[in-house]
Amino acid sequence: EAGVAQSPRYKIIEKRQSVAFWCNPISGHATLYWYQQILGQGPKLLIQFQNNGVVDDSQLPKDRFSAERLKGVDSTLKIQPAKLEDSAVYLCASSLDLVETQYFGPGTRLLVL
Amino acid sequence: QKEVEQDPGPLSVPEGAIVSLNCTYSNSAFQYFMWYRQYSRKGPELLMYTYSSGNKEDGRFTAQVDKSSKYISLFIRDSQPSDSATYLCAMSPARGYQKVTFGTGTKLQVIP
Numbered sequence: 001e002a003g004v005a006q007s008p009r010y011k012i013i014e015k016r017q018s019v020a021f022w023c024n025p026i027s028g029h030a031t032l033y034w035y036q037q038i039l040g041q042g043p044k045l046l047i048q049f050q051n052n053g054v055v056d057d058s059q060l061p062k063d064r065f066s067a068e069r070l071k072g073v074d075s076t077l078k079i080q081p082a083k084l085e086d087s088a089v090y091l092c093a094s095s096l097d098l099v100e101t102q103y104f105g106p107g108t109r110l111l112v113l
Numbered sequence: 114q115k116e117v118e119q120d121p122g123p124l125s126v127p128e129g130a131i132v133s134l135n136c137t138y139s140n141s142a143f144q145y146f147m148w149y150r151q152y153s154r155k156g157p158e159l160l161m162y163t164y165s166s167g168n169k170e171d172g173r174f175t176a177q178v179d180k181s182s183k184y185i186s187l188f189i190r191d192s193q194p195s196d197s198a199t200y201l202c203a204m205s206p207a208r209g210y211q212k213v214t215f216g217t218g219t220k221l222q223v224i225p
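If you read the protein sequences in the order shown, they are chains A and B.
Just so we're aligned: 82 in my numbering is position 82 of the first sequence, and the numbers increase by one with no gaps anywhere.
For my numbering, add 113 to where a residue sits in the second sequence, where the first one is 1.
Hints may be right or wrong, so weigh each one.
Said to hold, decoys possible - For each label pair, taking beta carbons as the anchor points, the in silico distance ranges come out as:
#, chain 1, residue 1, chain 2, residue 2, range
1, A, LEU70, B, GLU158, 42 to 48 Å
2, A, LYS62, B, SER125, 22 to 28 Å
3, A, PRO8, B, GLU158, 20 to 26 Å
4, B, ASP120, A, SER58, 39 to 45 Å
5, B, SER186, A, PRO61, 22 to 28 Å
6, A, GLU14, B, GLU170, 47 to 53 Å
7, B, SER125, A, ASN51, 41 to 47 Å
8, A, PRO8, B, TYR152, 40 to 46 Å
9, A, VAL73, B, PRO194, 20 to 26 Å
10, B, GLY172, A, ARG16, 37 to 43 Å
11, B, GLY172, A, GLN17, 43 to 49 Å
12, A, LEU111, B, ASP171, 18 to 24 Å
13, B, ASP171, A, GLY3, 19 to 25 Å
14, A, GLU14, B, SER186, 15 to 21 Å
Stated by the list, open to error - Simulated crosslink set (DSBU-like; lysine-lysine; CA at most 35 Å straight-line):
#, chain 1, residue 1, chain 2, residue 2
15, A, LYS78, B, LYS115
16, B, LYS169, B, LYS183
17, A, LYS83, B, LYS220
18, B, LYS212, A, LYS78
19, A, LYS11, A, LYS71
20, A, LYS71, B, LYS212
21, A, LYS11, A, LYS78
Hints listed in this document are in silico derivations from the structure and should not be mistaken for laboratory results.
Just so it is clear, CB atoms sit at the ideal spot from N, CA and C, and this is done for glycine as well.
When you get a sec, could you build the whole thing from the sequences and use the hints?
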């Protein structure tokens, strides 16, 4: 079974530029999560989808971050404009439903200069 | 004070040693407790998921929860070089992964 796929794996941008990350969850997984993991910290949930609806986006900085999951399958996370403090690894995870084991992708490393 | 405290390490042990990894927490609402393993440049992988106080064993791994002390532990028996990774504790007031708070992780190195 294929795991959670993410792209790109690495991205370097300058502050105030925009960037987008893509995630393809495990086939059949209804729940999709985006996390931000800053170096030396644990992951922080940014947004959680159940199919194509948002379950929780309370920690998403909505003035600059947006995410969508059209058709309830793959998802994109966008940052516009980026700030230096957005440098982090952005992890996508998926699970069969809200309480089943979640599986993480390898993450996208973002460096904002 | 952080809700979840975890010693960042690094922790170096010889192969075959018993490893003890620990977290403390302050939020008494936490009921579900998790341990993740994260290899360098990879996403976290769920190792153990436990509910309330008590012990849970899975192979060489044992998770222990003491809610009265707000303290959780992960023990690794017969540690192997392949166990070298960062171990993250996590906890939530509800079943599932919506309101999970992660620790900062402990980096473990098992030396052959």
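Do the alpha carbons of A/LYS11 and A/LYS78 lie within 35 Å of each other, as the hint requires? Holds, because 13 Å separates the two Cα atoms, which is no more than 35 Å.
Would the hint linking B/LYS212 and A/LYS78 be met if the CA-CA limit is 35 Å? 22 Å, holds
CB of B/ASP171 to CB of A/GLY3, is that within 19 to 25 Å? 21 Å, holds
Does the Cβ distance between A/LEU111 and B/ASP171 fall inside 18 to 24 Å? This hint is violated: roughly 37 Å between Cβ atoms.
Does the structure keep A/LYS11 and A/LYS71 at a Cα separation of 35 Å or less? 26 Å, holds
How does the Cβ-Cβ distance of B/GLY172 and A/ARG16 compare with 37 to 43 Å: does it lie in that range? At roughly 49 Å between Cβ atoms, A/ARG16 and B/GLY172 fall outside 37 to 43 Å, so the hint is violated.
Are A/VAL73 and B/PRO194 spaced within 20 to 26 Å by their CB atoms? 38 Å, violated
Hinted pair A/LYS71 and B/LYS212, Cα distance within 35 Å: 25 Å, holds
Just tell me: holds or violated, for the beta carbon distance of A/PRO8 and B/GLU158 against 20 to 26 Å? Because 22 Å falls inside the window, the suggested range holds.
The hint says 22 to 28 Å between B/SER186 and A/PRO61; measuring C-beta to C-beta, is that right? 34 Å, violated
If I claimed the Cβ atoms of A/GLU14 and B/SER186 lie 15 to 21 Å apart, would that claim hold in this structure? 44 Å, violated
Is the hinted range of 40 to 46 Å satisfied by the C-beta distance from A/PRO8 to B/TYR152? 20 Å, violated
In summary, the structure is inconsistent with hints 1, 2, 4, 5, 8, 9, 10, 12, 14 from the numbered list given earlier, while agreeing with the others.
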